[in-house]
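Enquirer: The primary structure of each chain is shown beneath.
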Amino acid sequence: MKLVFPADQAVIAQGLVAAAREMGVKLIRSAYSPVVREASDCAAALLDRHGNVVAQAELIPMQLGSIGATFKPCAKLFPPETLVEGDFYINNDPYHGGQHLPDVFLFSPIFLDGALIGFAATVAHHLDLGGGAPGLNPQASDVHQEGLIIPPSKYNHARDWSGGPLERLIRANIRVPTQTIGDFNAQFAANFCGAERLRALCAKFGPGTVDAAMAELLDYSERRMRRAIAQAPDGVYYGADAVDDDGIGDQPLPVHATVTIAGDSVHVDFAGTSDQVATNVNCPFASTVATALTVVKSVLTSPDIPFNEGSMRPVTVAAPYGCILNPKPPAPVRARLTSSYRAYNAVMKAMAQAVPDKVIATGFDTTEAICLSHLGPDGYRISLEIFGGGYGAGPEQDGCDAVDSPMSNCGNVPVEALDLEYDFFRVSAYGLRQGSGGPGRSRGGLGLIRHYEILADDVTFATYSDRFRLAPQGLFGGEPGQCAATRVKRGNQIIDLPSKCSFALRKGDVLMIETGGGGGYGAPESPGAA
Amino acid sequence: MRVGIEVGGTFTDLVAVEGGEVRIAKVPSVPARPDEGAMAVLKAAGLAMEDIDDLVHGSTVAINAVLERKGAKTAFLVTKGFRDLLALQRHNRRQIYDLFYAKPVPVVGQRDTFEIDERTGPDGGIVKALDTQALDGALAQALGCGGYEAVAVCLLNGYANPAHEQAVAAWLKAHFPDLAVTCSSDVTREFREYERASTTTIAAYVQPVNKAYIDRLADSLRAAGFTGRFSIMQSNGGRLPAAASAGNAVGALFSGPAAGVKGAIRQAALAGYRDIVTLDMGGTSTDVCLVNDAQADLTSETEVDGLPIRVPALDIVSVGAGGGSIVWIDDGGMLRVGPRSAGASPGPACYERGGVEATVTDAHMIRGAIRAQAFLGGAMRVDRDAAARAFEPLARHFDMSLEDIADSAVRVADANIVRAIELVSTERGRDPRDYVLVPYGGAGPLHAVRVAEALGIATIVVPPNAGVLSAFGLLAADFAQYDTMTRRVAVDAQAPGRVRKIYAEMAARARAAFAAAGIDAEPAITFTLEMRYVGQAFEVQVPLESEALEGLRADDLAARFADVHIQGYGFGGADYGACEIMSFRVGALAPPGELPALREAEPSQTGAACKIFDGGEWRCGALAQRAGIRNAGGQPGPALVEDATSTAFIPGGWHATIDLHDNLVIERLDLP
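Order-wise, the sequence lines are chains A and B.
Using our numbering, count along the first sequence one by one with no gaps and you end on 518.
Using our numbering, count along the second sequence one by one with no gaps and you end on 678.
Do not take every clue at face value.
Said to hold, decoys possible - As a list, the in silico DSSO-like pairs of lysine-lysine whose alpha-carbon atoms are at most 27 angstroms apart: (1) K179(B) / K49(B); (2) K495(A) / K477(A); (3) K477(A) / K49(B); (4) K495(A) / K86(B).
Simulated from the structure, these hints should not be mistaken for lab results.
Whenever a hint applies, use it, and build me the whole structure from the sequences.
Expert: In structure tokens:
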């Protein structure tokens, strides 16, 4: 293979990472979907001409590895060498590498003088992609009720988008087409921007040098990952946690992880995990892989290793087909993060035995989705917010208070922005939930409270959450954090709601959200003890 | 005589201009008491205090008060239900893989935060009326025994209607006349409560410190015989009379980088260049700013120590790449430069003050771009052998010669700077090739040409005394004040009327504020709309000339917005979707009077030859100074151009001239 001069390698690598980052920034800043713009629930990447992710904007951990996983089925059906200028791949199918339906992946091939030099890719969590209910359908019993499935496909931008058949088909099947089509356009614009940057790099250094630098960048990330993993003690480690319930019954859904560290590689096996369920907490395999990678990356490696296909090579993941971490179609998967987090916790607990100083206790570690919708005279109004709670405590530091959970990175929506947008509810309190962090040598992070005054009748509340029954455990003698709860105050009556449900709210109701705290680290009575 | 004094972390610089004469002085800063450094540099320059008509000062006092948490003991009053606003922040993390993540620490803690039972709606209507009598109980008691020096008031939707904040302020004034009160509606009238609360609390927190500092310096100046005009530099690139600035600390947080940009704009404009990219490279960081038509963009999205500040500041992007940036090899074998820096202490290895790691400055010494005998005009001792020792392990690792690895390190540093410029240009839909690069600061002119080459920029303008341009920039700053306000206006048939009404109100308010600040000049008014498509969450800035207001139509507004959106994001259009205005910004500006020219300080002489390693080989180049280049009518590269404050490098293929304003203008020779 062609060798690249060290300074050229450094400069090209920087250029590739910067291009992916710029794509991500543009996507977020111009997006409509609050999940994209406030939560950065999106990703952007440059791929080499074979479809390996070379540089990715690191926006949320959940998208680690997802772009490569959705590319492959597209490329298998429509080989890259058959693509022409203006073509694109599209895929949101959880059973073909995808995450859940709202995450739509777009891949634009990049050509220079007629030759394919790479791909620009973006994924964004769209506000509504049809299905049985606006934004979120907690009742879905299969994936078809969750929205429009776009299987791995190839279309052409000029022919099929901008008024063309694909755009018309999607537009007809979604509830807020202006915003959603707007977000597709933001994805295309970001892809075109990435294409321009890659062409500029090739024009400057020559396509051959850039191609070689891309290959070296994959090897570079792999080398750094392996070096970091090699420093952890070899062994087979085991951890387990459980989802509260599937939203229908009251039985916990256990998740088991066996982590094998051998030399410079890690293998994570989820054998023994609960079978898939009939509700939306199933986690597609691509999301399970992202989860395992995230724990390995956060615990063992330096954050400045650029994420790409190379950094995934040392980590392998297995989960039995048909379990909640690798479901069979047509299981619904909308709330995949619920199970993903228990996989996160199980792997973290296993790693705690290998490297106790590099891990944290179990946190609230749940994506609590709060969806309030109302059908008014001007159509649907949908407010979707995502909340985390307290982080688990670390060996030397208390867990972070009231922050989004580790696999995601949602900002809150400012109360003043909600006031401007929605007239059917008003946030009347937002605060830290005192006492919710598990005591310990270091204390678990605090959960949060948020109260909504409902200002109209016929407001639909839909939610999924977890840790209403099973508290996050402390580590090495630390105590558990508090469980979460959702209540409705109706007159003098307090109605307790389950973690996964929808509920009809009336004018005058107060919806009260309490998210959970994190577990403590180390026994509380022995401050400073080892 | 006009004098600019800029207090930096290491040095306090002075530039004095009168007629054609320029005087420069540099003394070490006194970090604990910056005013002593300011007085010392005046003394070192040997200026007669009574000759100074106009003195402009920039310091790091306000920002250091935040960074070192040395502000006033501050109480924070907030709407009931939102006591934890400052601790909750925005619920996201800055480092997504950091398990031990901790949020930025606010300047006011929860125990100093008190709730007030009231609520204003987003339209300014009162949802829950304020009962000031209810404040007389627990709140009065808490404030009375808390030992507070300042109070910040930020109530929900206070931007839409400040009545409740004003009522609380009046109550505070009546009950606690000694407390300095800062209301959010006086600092920023934009929506998003956490950012507004953060800005307000920081404003209140630094206010007493800033006022005490300015008062103390004003007293010292007066005692020394100074009777002229005394102004303070602001983050927005303007200046305010010292007395007015003493009451507006939060506006001066980022004054240092702003002053340099103003100086660069002024020098480049003299040479006829109005579209420029400024490049200020110092010891630890590089600041870049994009300037269109001699106007730098403003941004309200700044932060200090992770805490947001929503007060307009020049839109300057900073990256961790400076002369002191450390050159290293990471555990994957990649050559890296920065972001860790040897800073001013211990400094680069060649300073021989305890630094042993290789830095960018050391690389320049090895490749001959910095000559030991000429560093800072020969005023500071540096050692090439020490630089070489620091680079030896790196050379061995890559099996390269010392000069090859040094040259590579400079190339990677160049790429870091290129990234910074891309952030303000390509990333915002601007083509850097349409701009002239204006480098300054100690290290900027050494990197400028290679950076320009990478970006396709054909012209570089190096101002005279480039190492102290920020102090000169203080003198170039206009008197300026900005006011921003959130008012949601749908772009429909009623919009032009509403925009005109808001403009009239805000312009009147700005003129009144200008007069209240003691500026006896009629300001020019600028007007900017922050717009977005309905449903988006981020706005883009759409300038609107006051002349356009009269015949303004809704489709005109939509078209202006669409142009800006397409430029920034690559999609959109007038018929793309409904758009709306979220906020308005009015600026009031008045020039400070005719500014004498900045000339090269010392008479220079032509030099001899030098050897410099660049692009893989040693090349013989000229060693020039500005006077010599002027006399010779030009200087082709390769060459080094040295002055008392910095060195510029001209590689082969480029040609330098000196223009009528002592600027060193470097242009690419067009290849046949």
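Enquirer: Compare the structure with each hint and give your call.
Expert: Each hint, compared with the structure:
no., hint, result
1, K179(B) / K49(B), "42 angstroms, violated"
2, K495(A) / K477(A), "11 angstroms, holds"
3, K477(A) / K49(B), "71 angstroms, violated"
4, K495(A) / K86(B), "21 angstroms, holds"
Hint violations for this structure: numbers 1 and 3, all remaining hints satisfied.
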